[in-house]
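Can you build the whole structure from these sequences, using the hints too?
Protein chains in written order, with this note's numbering: chain A, 1 to 343; chain B, 344 to 490; chain C, 491 to 990.
Quick caveat, the hints were computed from the structure, so don't treat them as lab data. Keep in mind that a hint or two might mislead.
[Unchecked claim] Short derived list, chain A residues pointing at chain C, Cβ under 10 Å:
1. 94
2. 102
3. 128
4. 130
5. 173
6. 206
7. 208
8. 218
9. 219
10. 222
11. 304
12. 340
[As the list claims (entries may be wrong)] Only pairs whose alpha carbons sit at most 27 Å apart, straight line, appear in this in silico DSS-like list of lysine-lysine:
13. 303/A / 286/A
14. 174/A / 625/C
15. 405/B / 648/C
16. 945/C / 336/A
Remember, predicted model here, so these are calculated numbers, not experimental data. Built from N, CA and C at the ideal position, the CB exists for glycine as well.
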Amino acid sequence: MRKELLILVVLVGIGLLIAGCAQQQPKATPTPAPAATPTPTPVTTSVAKYPSKSITYIIPFNPGGQSDIEARRQQPYLEKYLGVPIIITYKPGAGGAVAWAELTRTEPDGYTIYGINIPHIILQPLVKDVGYTTDQIKPVALFQRTPIGLAVPIDSPFNSVEDIIEYAKENPGKITVGGSGTYTGHHITLLQFEKLTGTKFTYVPFTGAAPQMQAILGGQVDAVFANSNDLVKYSGKQIKVLAIATEERFPTLPDVPTFKELGIDLVESIDRGVGVPKNTPDDIVKVLESAFLKITQNPDVRKTMEEEGFVPLSMGSKEAKAYINEKVKVYKEILKEVGALKS
Amino acid sequence: MKADLVAGFVFIFVSVVMYFESLNYSELGSIFPKIGAAGLFLFSIIYIATSLREKGEGYFSKDSVEAFVFTFVATIVYVGILPYLGFLLSGFLYITLFSYMAAPSRTKRVLLASIGFSVLINALFYSVFRFIFNVPLPSGLLESLGL
Amino acid sequence: MFEFVGALLEPHHFALIICGLIAGAVVGCLPGLTATMALALLVPFTFAMDPTSGLIILGAVYVGAIYGGCISAILIGTPGTPSAIATTFDGYPLTKKGMAEHALVTAAFGSSIGGLIGAFGLLLLSPILVSIALKFGPPEYFWLAVLGLTVIATLSSKSLIKGLIGGTLGLLMGTVGIAPIGGDVRFTFGFTELQAGFDLIVALIGLFCLPEVIEMMERRKVQLRIAEYKKKKGVALAVVKQLLKKPILLIRSAVIGLIVGIIPGAGGNIAGLLSYDIAVKSSKEPEKFGTGIIEGVAASETSNNAEVGGSLVPLLTLGIPGAPPAAVMLGALMIHGLRPGPDLFSVSGDIVYTFMYSLIIANILLFFVGFYGARIFAKLISLPVYALVPFIIFLCVIGSYSIRNNMLDVYAMVGFGIFGYFTKKLGIHPGTIVLGLILGRIAEIGFVQSILLSKAIGSYWAVFIARPISAILIILCAVMLLWPVFAGYFKKEIPTGEGD
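What follows is the structure, given as structure tokens:
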């Protein structure tokens with residue numbers, strides 16, 4: 001009896017194995033359109049028709065975060081526009097650097113795409129050896145902007161940016177400002193603010209946006225430079241937003257002045273997008289780019305982003321690259337001044 | 344016990360290296376490594392001192408050495424070939440060979456059982472992870488050749 | 491508030507809860523797969539459901555996964571989730587004594603009670619709990635971590651110095667990688683791969699699982715199986731009776747779990763450890779802990795399931811997750827169109843209340859699911875060691891790979907295994923290393939942030955000591971450290987010669 005059982009188990013197992021191997025073929029093979037008058041398209045050496053199998057979308061952060069949420073929202077649209085399954089996986093570590101370093105070693109065939117964040121991918125390589133450089137990443141599109149704003153607890157004695165600047169000038173270093181990470185978007189915003197207003201604060205880094213907001217809600221720090229979506233959540237209830245670093249007033253917080261209005265030329269945000277290795281062929285990038293941009297044109301998608309406190313973006317590959325290059329110059333200068341630029 | 348003394352000196356070495364390494368870091372970033380290294384140094388000295396006074400049997404018997412070597416060599420080989428042969432094949436070889444070699448008596452029956460067990464486990468977990476959870480498991484060079 | 495109970499009594503919600511509990515428990519019991527991962531893996535399946543159903547099943551998965559960690563902790567001495575670390579201390583010895591079923595029933599019962607208290611805390615006390623949580627700033631986190639570190643003393647009863655070394659080693663291991671404050675790249679010696687540092691789960695698997703597995707191999711000629719597992723009648727009833735005689739143990743453990751849970755980032759991992767430690771210190775027979783008594787398992791499991799409810803308090807009231815699994819739930823909530831934050835109750839109150847009620851039901855059902863389900867897993871320990879060992883290692887490999895989809899984590903796990911083997915032989919308890927690893931990071935962040943605050947305000951005293959919660963925590967630390975001294979003094983007063 002035992003022997004029969006063993007043989008049965010072995011056969012079942014082999015059967016499952018064969019089924020497993022067989023299933024490795026792509027689940028969704030788009031049927032080639034009937035060729036009417038085929039216009040000769042330059043076919044790159046390895047890619048006949050892209051995409052022809054599933055695409056892996058790698059999130060450089062932990063599940064549940066904003067990048068994850070956006071990716072999951074995009075997933076059904078991407079699967080529809082591209083016609084292949086999109087597999088979301090996570091590769092957290094070192095504030096995203098682990099994933100972006102891996103990006104540089106990935107096959108530039110368009111089947112593995114990475115979420116990218118500005119200014120992370122600019123600041124990280126400028127400050128230390130992270131295993132990748134900014135120009136090794138080719139941006140496909142940027143689809144979400146999170147402007148950064150300055151906020152204080154609702155019962156704080158500061159009611160405006162001028163109040164804070166005045167106090168800071170008389171008491172340099174006394175005001176504590178919380179942010180997420182060191183030499184990240186929030187930190188750079190503070191550094192620029194200090195430079196533009198001639199003030200000095202004490203920056204207290206936190207390990208993420210949630211701990212940072214927890215700190216300001218509990219009054220553990222005097223102020224924060226925080227993401228617009230977090231500010232929108234608590235504005236008027238537990239915090240007051242004193243100013244926001246955008247070109248024009250932020251629609252979801254219409255009563256908040258911009259720094260520019262107040263005479264401080266500070267425009268900063270955390271931007272999200274998608275990137276691929278530098279050598280990915282342009283026609284593949286175009287396919288991805290148009291899919292992502294199409295999503296950003298969708299009115300439902302835009303509405304949700306705005307309600308949550310984001311700014312929908314529709315930056316294509318070239319535009320994004322130009323934007324990144326611009327930011328590189330600005331950041332290099334600031335980092336040099338504070339002595340953080342890697343030699 | 345000799346093992347304690349060896350360990351103690353290893354810890355002292357580690358603590359010294361880490362302490363000097365942390366002198367390179369910024370003011371804030373070096374506080375904890377320095378405290379940790381200093382603590383390790385101090386505790387290791389006490390550790391060596393107390394071990395010198397004790398007597399007793401060693402920690403490692405013949406059986407334990409054999410078990411350690413067998414298990415780790417097998418596992419290291421498994422983990423080493425995993426990226427090359429892929430998840431399914433390496434897992435299959437590992438479980439089959441390990442259970443067969445470690446069994447008290449290596450009969451044909453045991454071999455069959457090992458194979459069956461291995462196939463079942465591998466198939467089960469591979470399918471669950473790949474199809475239900477969509478977690479990509481390492482596929483080796485062989486598999487990417489279109490297995 | 492109570493009118494929503496009606497919404498819950500739909501049969502399909504019950505089915506969802508049971509499915510969620512089982513799915514969560516299965517993932518949670520595999521070493522390397524955490525509750526966070528269980529939730530992340532199952533979130534996509536909820537997209538087809540309405541928000542209420544989706545939330546209900548995710549809640550059940552969370553509860554099930556935290557419970558599930560105890561199954562492997564008890565049966566093979568490896569915590570399936572970090573929250574179950576303390577369950578190994580008495581759970582595994584019970585298995586070795588042939589009393590695995592006792593341990594499993596205890597865990598199911600304790601988890602159920604703890605989870606219920608946590609769920610009621612969430613439902614009834616959220617506003618108060620949240621205001622306590624917000625009072626925890628950098629200094630409080632630091633002192634809380636120090637308090638957790640005092641547990642090392644209990645774990646190293648045989649040799650304090652070895653425990654201290656273990657803790658320090660763990661602490662130093664936690665400094666490898668990018669510093670949380672300041673961004674220094676520490677101890678990578680040029681390997682950019684090390685920048686992410688050592689993952690806790692990887693260390694956990696390596697330190698607990700592999701040495702244990704080698705010990706099984708060592709004894710395989712003498713002992714072919716870990717233990718004989720025979721189903722005995724009446725075990726469940728006997729265990730429950732025994733536990734009900736100790737209401738203080740259960741309630742205290744649950745409260746500890748709830749409080750630790752509401753503090754974001756304190757790591758539910760330490761709830762079980764703290765509760766275990768306090769149980770040891772409060773017991774009349776502390777030396778029995780660690781040899782395999784059900785009180786040890788109860789202390790840990792009751793606490794870690796109460797932590798589930800606790801971690802949802804800041805999530806539902808402020809939109810700040812109390813623990814990584816809660817962070818995944820935050821993402822799921824947002825994708826389903828809910829906005830966790832101060833407005834959540836006013837905008838989506840009905841969904842939220844239904845969810846909270848479902849947690850209560852889930853914890854009640856947990857006892858039955860856990861009890862019957864665990865028996866199935868318990869049969870696995872009847873496998874001969876030479877088949878069980880490669881199977882366990884195989885699971886560890888999958889588990890460590892799945893954390894960050896990174897082969898390096900698998901190599902690190904093996905490395906930790908070798909390291910853990912030697913430290914275990916030397917007499918260093920793996921729990922001390924893990925404590926150092928987890929708490930070292932929390933302590934450092936709190937410490938360095940507090941230093942920054944002190945420099946701004948101009949006074950170290952004001953920041954580190956002169957705050958109400960910090961002061962309480964400091965006193966607690968002192969009590970925990972000095973307790974053995976007092977306990978010894980009190981013991982002498984009790985006349986000997988009386989049986990227990």
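To see whether the hints hold, each was checked on the structure:
| no. | hint | result |
| --- | --- | --- |
| 1 | 94 | holds, 4 Å |
| 2 | 102 | holds, 9 Å |
| 3 | 128 | holds, 5 Å |
| 4 | 130 | holds, 7 Å |
| 5 | 173 | holds, 6 Å |
| 6 | 206 | holds, 8 Å |
| 7 | 208 | holds, 9 Å |
| 8 | 218 | holds, 4 Å |
| 9 | 219 | holds, 8 Å |
| 10 | 222 | holds, 8 Å |
| 11 | 304 | holds, 8 Å |
| 12 | 340 | holds, 9 Å |
| 13 | 303/A / 286/A | holds, 26 Å |
| 14 | 174/A / 625/C | holds, 21 Å |
| 15 | 405/B / 648/C | holds, 25 Å |
| 16 | 945/C / 336/A | holds, 25 Å |
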